[in-house]
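Participant: The listed protein sequences derive, respectively, from chains A and B.
Heads up, my numbering is the position in the first sequence plus 42, with the first residue counted as 1.
Heads up, my numbering is the position in the second sequence plus 7, with the first residue counted as 1.
Since the hints were derived computationally from the structure, they do not count as laboratory data.
The C-beta atom is built at its ideal place from N, Cα and C for all residues, glycine as well.
Honestly, I wouldn't trust all of these hints.
What the hints assert, rightly or not - Below, a sample of chain A positions facing chain B; criterion: calculated Cβ distance under 8 Å:
1) Y81
2) P82
3) L90
4) A128
5) G147
6) I153
Unchecked claim - Keeping only pairs whose Cα atoms sit at most 27 Å apart, straight-line, the calculated BS3-like set for lysine-lysine is:
7) B/K21 with A/K141
8) B/K48 with B/K73
9) A/K149 with B/K27
10) B/K27 with B/K73
11) B/K21 with B/K71
12) A/K141 with A/K98
13) A/K98 with A/K110
14) A/K119 with A/K94
15) A/K110 with A/K149
16) A/K98 with A/K149
17) B/K27 with B/K62
18) A/K102 with A/K149
19) B/K27 with A/K102
20) A/K141 with A/K94
21) A/K141 with B/K73
22) A/K119 with B/K48
23) B/K71 with A/K141
24) B/K48 with B/K27
25) A/K110 with A/K94
26) B/K71 with B/K27
27) A/K141 with A/K110
28) B/K62 with B/K48
29) A/K149 with B/K48
30) B/K62 with A/K141
Residue strings, one per chain:
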Amino acid sequence: GNSVTQMEGPVTLSEEAFLTINCTYTATGYPSLFWYVQYPGEGLQLLLKATKADDKGSNKGFEATYRKETTSFHLEKGSVQVSDSAVYFCALMGGGYQKVTFGTGTKLQVIP
Amino acid sequence: GAVVSQHPSRVICKSGTSVKIECRSLDFQATTMFWYRQFPKQSLMLMATSNEGSKATYEQGVEKDKFLINHASLTLSTLTVTSAHPEDSSFYICSARESSGAQETQYFGPGTRLLVL
């Protein structure tokens, strides 16, 4: 079946530091890949997505590239802010039922 | 962007009572809605897929008689936790896939926190 593996957190960074959250996946066929963000006490918000190999999703300074050869979709941001503190979920959608499979989430804490 | 709402946002109930959670797509029609459960510090677990006008499809290990799902219209799905017990306390999140939009995009509601005493 499909699965998503992402780095365990929490990740603590100073403001303006570079962020990388690793994500790898296992899936049959050609899934679509997503990053969702969950702020404290809230639901999930779509951060960015990529639907085919070599696509780069980007939003709010975050970006991730769909790498089929390494089955990865790592999330990066060049300069994080305190407001980026949240839990980030890597996810994929594939299969006939279009179900979304989530990773376990990585908590990011950015300190001033 | 598309908006999905959930009501209530938080509910506290006594053990043995039933609780209904509503999920609405506010500005689009959703043929399919999904119900997830999130445990503290864990990822989302898909409970069931709700299709408008038909029975929901439950994931393995999810009791359909315990978690009743009704998708009565293209903008509303409800999850009823019947005879709730403390172990049902959790964060329940719904998502909706727009009928006419890109099939790969789901929009998530803000979640409902259920506490069963």
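Participant: All the hints need checking, so say for each whether the structure fits it.
Facilitator: A quick look at each hint next to the structure:
A distance limit of 8 Å between C-beta atoms decides the matter here; for A/Y81 the minimum to chain B is near 10 Å, and the interface restraint is violated. Residue-level restraint check for A/P82 is violated (minimum Cβ-Cβ distance to chain B is 11 Å; threshold 8 Å). Checking A/L90 against chain B: minimum C-beta separation of about 11 Å lies over 8 Å; hint violated. Interface hint status for A/A128: violated, as the beta-carbon distance to the closest one in chain B is roughly 14 Å, over 8 Å.
For A/G147, the suggested interface contact is upheld, since its CB lies about 5 Å from the closest CB of chain B, less than 8 Å. A cut of 8 Å between beta carbons decides the hint on A/I153: the least distance to chain B is about 20 Å, and the hint is violated. Distance hint between B/K21 and A/K141 is unfulfilled; the C-alpha atoms sit about 33 Å from each other, more than 27 Å. Proximity of B/K48 to B/K73 is assessed by CA-CA distance (about 24 Å); at most 27 Å being required, the pair is judged to hold.
With a CA separation close to 30 Å, the supplied pair A/K149 and B/K27 exceeds the 27 Å bound. As the CA atoms of B/K27 and B/K73 are separated by approximately 12 Å, the hinted pair is consistent with the 27 Å bound. Restraint check: the Cα-Cα separation between B/K21 and B/K71 comes to about 21 Å, which is no more than 27 Å; the hinted pair holds. Proximity of A/K141 to A/K98 is assessed by CA-CA distance (about 22 Å); at most 27 Å being required, the pair is judged to hold.
As the CA atoms of A/K98 and A/K110 are separated by approximately 12 Å, the hinted pair is consistent with the 27 Å bound. With a C-alpha separation of about 21 Å, the suggested pair A/K119 and A/K94 falls inside the 27 Å cut-off, and the hint holds. The hinted pair formed by A/K110 and A/K149 meets the criterion: a straight-line CA distance of about 25 Å does not exceed 27 Å. For a cut-off of 27 Å, the pair hint linking A/K98 to A/K149 stands: about 23 Å separates their Cα positions.
Note on B/K27 and B/K62: the hinted pairing holds, with a Cα-Cα distance of about 17 Å set against a maximum of 27 Å. For the given pair, A/K102 sits about 18 Å from A/K149 by alpha-carbon distance, which is consistent with the 27 Å threshold. With a C-alpha separation of about 36 Å, the suggested pair B/K27 and A/K102 falls outside the 27 Å cut-off, and the hint is violated. Distance check on the hinted pair: A/K141 and A/K94 sit about 17 Å apart at the alpha-carbon level, within 27 Å; holds.
Pair hint A/K141 plus B/K73 holds up; C-alpha atoms about 22 Å apart against a cutoff of 27 Å. For the proposed pair A/K119 and B/K48, the alpha carbon gap of about 23 Å is at most 27 Å, so the pair holds. Distance check on the hinted pair: B/K71 and A/K141 sit about 18 Å apart at the alpha-carbon level, within 27 Å; holds. Our distance criterion of 27 Å between C-alpha atoms is met by B/K48 and B/K27, whose separation comes to about 24 Å.
For a cut-off of 27 Å, the pair hint linking A/K110 to A/K94 stands: about 8 Å separates their Cα positions. At roughly 14 Å between alpha-carbon atoms, B/K71 and B/K27 fall within 27 Å of each other, so this suggested pair holds. In summary, the hint linking A/K141 to A/K110 is supported, as the alpha carbons are separated by about 20 Å, within the 27 Å threshold. At most 27 Å may separate the alpha-carbon atoms for a hinted pair to count; B/K62 and B/K48 exceed this at roughly 31 Å.
For the given pair, A/K149 sits about 9 Å from B/K48 by alpha-carbon distance, which is consistent with the 27 Å threshold. Distance check on the hinted pair: B/K62 and A/K141 sit about 17 Å apart at the alpha-carbon level, within 27 Å; holds.
In summary, the structure is inconsistent with hints 1, 2, 3, 4, 6, 7, 9, 19, 28 from the numbered list given earlier, while agreeing with the others.
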